[in-house]
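One line per chain: the protein sequences are A and B, in this order.
The working numbering puts the first residue of the first sequence at 1, with every later residue one more than the last.
The working numbering puts the first residue of the second sequence at 244, with every later residue one more than the last.
Note that these hints are calculated values from the structure, not bench results.
For each residue, glycine too, the CB sits at the ideal point set by N, CA and C.
Honestly, I wouldn't trust all of these hints.
[What the hints assert, rightly or not] In silico contact screen, one side only, chain B against chain A (beta carbon under 8 Å); selected entries:
1. 297
2. 302
3. 303
4. 306
5. 310
6. 313
7. 314
8. 328
9. 334
10. 335
11. 336
12. 352
13. 416
14. 418
15. 422
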Amino acid sequence: MRGLWKTPVVWVGLLFVVLLFDMQALRPLFAAWFPAVQPEIFGRARFVDLFLSHLGLVAEASAAATLISVTLAIFVTRPVGRDFRTIANMLATIGQTFPPAAVLALAVPMLGFGTRPTVVALFLYGLLPILENAIAGLEGVPDALLEAGRGMGLSSWQLLRDVELPLAAPVILAGIRVSVTIGIGTATIGSTVGALTFGTPIFDGLAGNKLPYVLQGAVLVALFAIVTDLLFAVLARRLQPPG
Amino acid sequence: MTQLMIEIERVGKAYDGRPIVTDLTLGIPKGALCVLLGPSGCGKSTTLRMINRLVPFDSGTIRVGGEDVLSVPPEALRRRIGYAIQSTGLFPHWRVEDNIATVPRLNGWSAERVRDRVTELLVLLRLDPEIYRRKYPHQLSGGEQQRVGVARALAADPDVLLMDEPFAAVDPITRDALQSELIRVHRATGKTIVFVTHDIEEALRLATVIAIMDRGRLAQIGAPLDIIEHPAGDFVRDFVGVQGIGLKLLSVRRVADRMRPADNSDGAPIAADATLADALAEMVSRRADRLSVADGKGATIGVIALADLVR
């Protein structure tokens with residue numbers, strides 16, 4: 001645990017937390033750069049509230065995407081579901097290639113403004129990386145292990161729980177990591193339909209020609225994504241099977 | 244009539260209309276080390292895997308310990324039958340002890356009983372429990388992995404052990420050591436072992452019974468000596484190999500069968516259960532025409548001369 005203090009996640013995390021709670025500290029800097037903008041710091045909502053709302057959106061969408069993708073991957077790697085593999089992949093690819101902005105435009109009439117359409121867009125956008133990795137991870141388990149496991153009398157469920165999922169876990173986690181990191185960046189567009197995210201200062205700044213707000217939102221969302229990615233790296237090391 | 248542990252009766256199996264095993268009838272006596280021998284594609288591996296129902300068969304009956312294998316759920320059946328394969332199939336994310344404990348834990352043994360059993364098996368396979376139980380498979384050599392694989396197959400004390408070319412992927416020296424271990428383990432445990440190989444030398448060394456298969460049918464079953472001396476038909480004769488048949492005979496007969504009683508000892512003795520081929524090799528390398536013979540405890544019990552080999 002002591003080694004944790006030497007890892008970048010702690011330092012980047014600290015920077016993120018400091019800016020989150022005390023962006024005012026940078027006021028002189030923004031005042032010097034952009035003397036025309038008043039007030040210098042975005043003030044329509046607290047950054048902490050933006051963060052919590054942003055985190056909530058991404059967490060909800062990613063949890064749902066993980067649950068659905070992993071379930072789907074398990075299904076299409078079983079003998080019964082093998083025929084559905086292509087279809088599942090195709091649907092996830094459509095989810096990924098369909099621009100989230102378009103999803104928002106389509107979802108707002110059905111779900112109204114705010115967080116709902118944003119979560120849906122993020123969910124659809126986040127499926128593919130997890131699904132692909134989960135399938136690859138499950139298919140990467142050597143046949144000899146399944147053969148040996150079956151030969152010893154493990155049931156299909158026991159094989160999945162004790163052998164396939166643990167061995168596929170690092171690959172699945174890598175997929176979740178990509179999906180979540182992308183999701184954090186993408187969630188900002190939710191602010192165009194009224195969701196509170198770090199996108200809110202960005203779009204406010206763009207609309208009101210206040211560049212400091214854009215910078216403040218962008219820096220925070222970037223740090224949020226980096227810290228999350230680094231946390232996943234720590235988790236991945238924990239999960240790495242021996243050897 | 245010895246009691247049969249495994250009875251295969253008129254069993255047939257085809258893949259996409261192509262017969263793999265045809266009308267196979269085969270009885271394996273309790274306590275035998277039966278080698279299923281034959282060229283690639285002869286159906287020996289399929290036959291092995293039909294015994295524990297990893298491969299479903301189309302027709303016929305298979306009984307293990309007198310019980311029809313189709314009358315028990317496949318998982319329950321397999322937990323009573325040890326299974327070891329060429330690539331070992333050790334779970335890479337589990338320590339040696341957890342790998343060995345797989346079936347005992349499925350069977351709900353207590354932690355203490357599992358631990359004792361793991362220790363017992365590691366000792367049986369000559370792996371120091373203190374050193375090996377906490378290791379992961381990737382930290383072991385190929386030979387050690389196979390030993391753990393065999394230990395795992397024996398873990399729940401099954402009556403029957405199925406082994407599918409378990410030593411085919413290790414180097415010759417390791418294979419030789421593993422074969423000796425298997426013979427020892429077989430003697431120590433009295434298990435019925437069914438062992439698949441395409442290697443005639445391995446079959447002759449290990450088997451108490453050899454079943455030779457040819458294109459899905461049983462070509463001959465018998466003691467190793469029987470098969471060499473009285474091959475049933477051209478296929479068996481060709482497969483066993485006419486060339487070097489004398490040497491093969493030497494490799495199935497034991498020193499104990501040919502030695503003469505004596506109590507003088509000169510030079511290092513040879514073990515009574517060594518093969519005549521081993522004895523000949525010793526004589527040639529030592530430039531000696533006599534060897535003293537020792538029993539398992541190292542006491543001299545006789546002597547064997549070059550002339551005894553050809554008697």
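So, going through the hints one by one against the coordinates:
no.	hint	result
1	297	6 Å, holds
2	302	23 Å, violated
3	303	21 Å, violated
4	306	18 Å, violated
5	310	15 Å, violated
6	313	16 Å, violated
7	314	16 Å, violated
8	328	6 Å, holds
9	334	6 Å, holds
10	335	6 Å, holds
11	336	4 Å, holds
12	352	14 Å, violated
13	416	23 Å, violated
14	418	19 Å, violated
15	422	21 Å, violated
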